[in-house]
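Asker: So the sequences go chain by chain: D and Y. According to our numbering, the first sequence is numbered sequentially starting from 2. According to our numbering, the second sequence is numbered sequentially starting from 1136.
The set of hints was computed from the structure by calculation and includes no laboratory data. Just so we're clear, the structure is a prediction, and the values are computed from it rather than from any experiment. Glycine is no exception: its CB is placed at the ideal position from the N, C-alpha and C atoms. Hints are supplied without guarantee of correctness; some may be wrong.
These stretches of chain D come out as covered by chain Y in the derived footprint (C-beta under 8 Å, 3 or more residues) [what the hints assert, rightly or not]:
#, segment
1, 14-20
2, 71-81
The calculated DSSO-like cross-link candidates involving lysine-lysine, where the alpha carbons are at most 27 Å apart (straight line), are [as the list claims (entries may be wrong)]:
#, chain 1, residue 1, chain 2, residue 2
3, D, K79, Y, K1157
4, D, K12, Y, K1240
5, D, K12, Y, K1177
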Amino acid sequence: GAGVSQTPSNKVTEKGKYVELRCDPISGHTALYWYRQSLGQGPEFLIYFQGTGAADDSGLPNDRFFAVRPEGSVSTLKIQRTERGDSAVYLCASSLDGERGGTTDTQYFGPGTRLTVL
Amino acid sequence: GENVEQHPSTLSVQEGDSAVIKCTYSDSASNYFPWYKQELGKRPQLIIDIRSNVGEKKDQRIAVTLNKTAKHFSLHITETQPEDSAVYFCAAAFSSGYSTLTFGKGTMLLVSP
Chain D
2 GAGVSQTPSN KVTEKGKYVE LRCDPISGHT ALYWYRQSLG QGPEFLIYFQ GTGAADDSGL
62 PNDRFFAVRP EGSVSTLKIQ RTERGDSAVY LCASSLDGER GGTTDTQYFG PGTRLTVL
Chain Y
1136 GENVEQHPST LSVQEGDSAV IKCTYSDSAS NYFPWYKQEL GKRPQLIIDI RSNVGEKKDQ
1196 RIAVTLNKTA KHFSLHITET QPEDSAVYFC AAAFSSGYST LTFGKGTMLL VSP
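Taking the hints into account, I'd like the entire structure generated from these sequences.
Answerer: Right, dumping it as structure tokens:
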């Protein structure tokens, strides 16, 4: 079946601009995660959604970052007043059910959006 | 919070040799430990995972071991092939709530023919 998809695959913007990154999780997956991966590093957690609600946004670096998932499926990560330090690959992952443990919390990643802030 | 250390950062082996990557974690409450393989410019792909109720898990040429007392876990790849070349990430999570993953910094594995 279709995996996690993300659009755009690449985004180049200028410092100070606003950007939106989109994630389409695997159909039926209730849990959705956003991570950020800088060059040469492992992914770092940003925010977790269970259904429509942000259950944990402790990884968001500051209030310029915001994410929504209004219908419990597609999610959008929004970055205001972008800075050069925001440049990274933004990864989305989904799992069948994030809350029960067991094997239903295996996370499947999307291909990422490479954000470059000039 | 959780902290995951991964070693080595790069590993070069000859085709057919074995490769071992080691990770340590800090939070004794962590109980889920997946390993992801990431090829250049591609998404991370789960290759194997282990939960804290088992000490070892094997899938063909890949195995993972877990030592909860010492808080470390390792990935073992036998009979390496050039297509195993990639960056490998270990991760840890406390999985009875939700599984926010804390990743290591990755190991670049190079398998020479």
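Asker: All hints, please: hold or fail.
Answerer: These are the hints, each one checked on the structure:
A stretch counts as covered by a chain when three or more of its residues have a beta carbon under 8 Å from one of that chain; for the segment 14-20 of chain D and chain Y the count is 0, and the coverage is violated. Only residues whose beta carbon comes within less than 8 Å of a beta carbon in chain Y count, and the segment 71-81 of chain D has 0; fewer than three means the coverage is violated. Taking the CA atoms of D:K79 and Y:K1157, the gap is near 36 Å; set against the 27 Å cutoff, the hint is violated. About 24 Å separates the Cα atoms of D:K12 and Y:K1240, which keeps this hinted pair within 27 Å; it holds.
Of the supplied pair hints, the one linking D:K12 and Y:K1177 holds, its CA atoms being roughly 16 Å apart against a limit of 27 Å.
Taken one by one, the earlier hints fail for this structure at numbers 1, 2, 3, listed in ascending order.
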